[in-house]
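The sequence shown runs -19 to -1, 1 to 709 under mature numbering (1 follows the signal peptide of the UniProt record, and there is no 0).
In case anyone wonders, no lab produced these hints; they're calculated from the structure. Keep in mind that this is a model prediction, so the values were computed, not measured. Be aware that a few hints might be false.
Said to hold, decoys possible - Distance condition first, Cα-Cα at most 27 Å in a straight line; then the derived DSSO-like pairs of lysine-lysine: (1) K706 - K488; (2) K395 - K355; (3) K61 - K90; (4) K302 - K189; (5) K15 - K420; (6) K560 - K489; (7) K438 - K393; (8) K232 - K189; (9) K69 - K90; (10) K550 - K467; (11) K369 - K49; (12) K480 - K465; (13) K9 - K450; (14) K9 - K560; (15) K272 - K250; (16) K541 - K310; (17) K189 - K272; (18) K550 - K465; (19) K403 - K420; (20) K420 - K488; (21) K250 - K189; (22) K45 - K69; (23) K232 - K248; (24) K393 - K355.
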Amino acid sequence: MRNLQLTLLLCLFSIGCMAQGGKQIELKDIVQGKYIPENIYGIVPMNDGEHYTQMNPEGTQIIKYSFKTGKPVSTVFDVKTARDSNIKSFNNYTFSPDESKILIATDKKSIYRRSYTAIHYIYTIERNVLEPLSDFGPQQSPVFSPDGHMVAFVRDNNIFLVKFLYGNSESQITTDGEFNKILNGIPDWVYEEEFGFNRALEFSADNKMLAYIKFDESEVPSYSFPLFAGQAPHYKQFELYPGQYTYKYPKAGEPNSKISVHSFDIKSKVTRQLQVPLDADGYIPRIRFTKDAEKLAVFTMNRHQNRLDIYFTNPKSTVSKLALREESKYYIEESVLDNVHFYDNNFSFISERDGYSHLYWYNMNGNLVKQVTKGNYEVKNFLGWNEKENCFYVESNEGNPTETAIYKIDRKEKKTLLTCQKGTNTAIFSGDMRYFINKYTSFTEPMLVTLNDNNGKTLHTLIDNTNLKSTLAHYSLPQKEMFKFKTSTGTELNGWLMKPANFNPNKKYPVLMFQYSGPGSQQVLNKWGISWETYMATQDYIIACVDGRGTGGRGEEFKKCTYLYLGVKEAEDQVEAAKYLSNQSYIDGQRIGIWGWSFGGYMTIMSMSQGTPIFKAGIAVAPVTDWKYYDTIYGERFMRTPQENFEGYKATSAFTRAENLQGRLLIVHGMNDDNVHYQHTAEYAEWLVQLNKPFDMHVYTNRNHSIFGGNTRYHLYSKLTQYLKDNL
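Sequences and hints are given; from them, build the entire structure.
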């Protein structure tokens, strides 16, 4: 759920100060992406450290660029000139480790948030030849061997292996794969959604072994939702009788998949189950081969997710040795999993063991070498290590929890700031860490993309969004400003405020509060964007956003103080924010509204039902209403199971507070939401009916958690707009 922030950026961020003009922005233009800044996507650093590649916008070429100049130097692949090419475009690509071949993905079809099938082709650069990876159907989650001579992939829940040196011969590794029963080499729904990965299949460094996770979801309860004919797209087969989709979804306290790790010896064709110490109900959220072919890193967690172990497991002997154990009195976030990077003699790890998220450096025996960063700030990402210079590169929010910057820490532990602009900075480094592409944005800067050396010197500007700035200079746009306040219990909270462009301090304005509020999330960031909230500010509303307790950027205690009672303190803080705003001279305290999506929808309902009648209206899109309906990994990470935490589940249920619901509430949900099921809204709505509580509700046929497709998104925001105009 936390990663919805990435999916819903257009919806969730608002605009900063821009030159004022006279035109008004239109809602349809916002929804259709007219004001989205130019950006740079799909950067793939190359092995030489001097170049990177990128797809052209049409998906017909892969272009090589210089890290020094940002200029194109050659075309690596072109669908029009490749021999034996019969494709017109492609969706994405992957280089073999030695960069002699490229895996080209076409005809991509999404499954869930990260998983998809595609028809893949192998392009051999030296021969300029494009060949099908397989002739027997679409593939899922392909991966190259380190020498580039093989590709392993999944089809219909089974693993297959293609050997290029043997005439692209294809062999089947597993045979027991079956939909809704056994998955080999790919995660089940809940692992994919909450642990954030789509492949559980790896080659050893010497190309001799495959390792994979097997998921047995036979005993996981199923969830089904209806499929109607609908429009955009239209399903002809359901014109008279609806169909349904059924998949495995473990709700809090219910059985998860049974998991095991296996190795396959490519030469002898022997499959072994690895001896990984694991609780009967534990998780394996990652496997990853190290540089040592005899060390498969197996990550395990207990069901409470407050203990993470990393084992080094020999794929032949099957024996495991504990390399690292991390424990927390609360929980360990899934974000640490992708900040573990293995080198020849060391590996990185991100931990909150001193109260803040910091970088730690270990040797391959699992011994701590040093804590690389320290202080009352958070390291957001480990960006890489330069072995020759023994320098570390990180993204952190040192100095301001609402901003990020890029830092270098040298062998003498001297820290150097590489980005001087105040706002949000994210970086992509070259393979040898000599250069980086920095993406910078702030309230006043849509997106500035620069090429830099590893001392922070700007070598070239790739994108400055001059055209967008010029266009927006003719518009009358609202301004955005940061603020802080203290709650009645003395907790200081960060927020931003967006006032109409023609703001009159002597006038009383209605307020729309926007929030997400989920664990570790942050909406109060010095970051640019034009959204529906921006449009509402042009309609004479003041927009406010406050990050309450439980959100990120301010250390472990601030973030995890909501443990076992997820939603209680967060709702209290939104009410406190509304009270603070109501005391401002230019705000009409009788016209305060609140809205949010997903966790933000849940928080809308919880805040309006907190017992303080301060919200006149609210909108909850795709809301959670009771954590017992949500999945095991996310829900239990913060709440444990309903059996263990009965009082916590009761206190955090929207049903428990339903009698206290105050104000006009609109609930919106997609019927095919595979994440927050429509069940949340259906059951809560029935509860309100029986309590004789007035509310409004709108359902979108065949739409998932993001509620889009055809005209759907414009219809949604038009409805939300009118609802606020009618009720606020």
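Against the structure, the hints come out as follows:
1. K706 - K488: 18 Å, holds
2. K395 - K355: 12 Å, holds
3. K61 - K90: 23 Å, holds
4. K302 - K189: 21 Å, holds
5. K15 - K420: Roughly 20 Å between the alpha carbons, so the hint for K15 and K420 holds.
6. K560 - K489: 15 Å, holds
7. K438 - K393: 21 Å, holds
8. K232 - K189: 39 Å, violated
9. K69 - K90: 17 Å, holds
10. K550 - K467: Answer holds: K550 to K467 is near 14 Å, not above 27 Å.
11. K369 - K49: 20 Å, holds
12. K480 - K465: Given that 27 Å is the threshold and the Cα spacing comes to 16 Å, the pair holds.
13. K9 - K450: The hint holds at about 19 Å.
14. K9 - K560: 33 Å, violated
15. K272 - K250: Holds. K272 to K250 sits at ~23 Å (cutoff 27 Å).
16. K541 - K310: Roughly 10 Å separates the two Cα atoms, so the pair holds.
17. K189 - K272: The hint holds at about 13 Å.
18. K550 - K465: 18 Å, holds
19. K403 - K420: 12 Å, holds
20. K420 - K488: 39 Å, violated
21. K250 - K189: Holds. K250 to K189 sits at ~10 Å (cutoff 27 Å).
22. K45 - K69: 20 Å, holds
23. K232 - K248: 41 Å, violated
24. K393 - K355: 14 Å, holds
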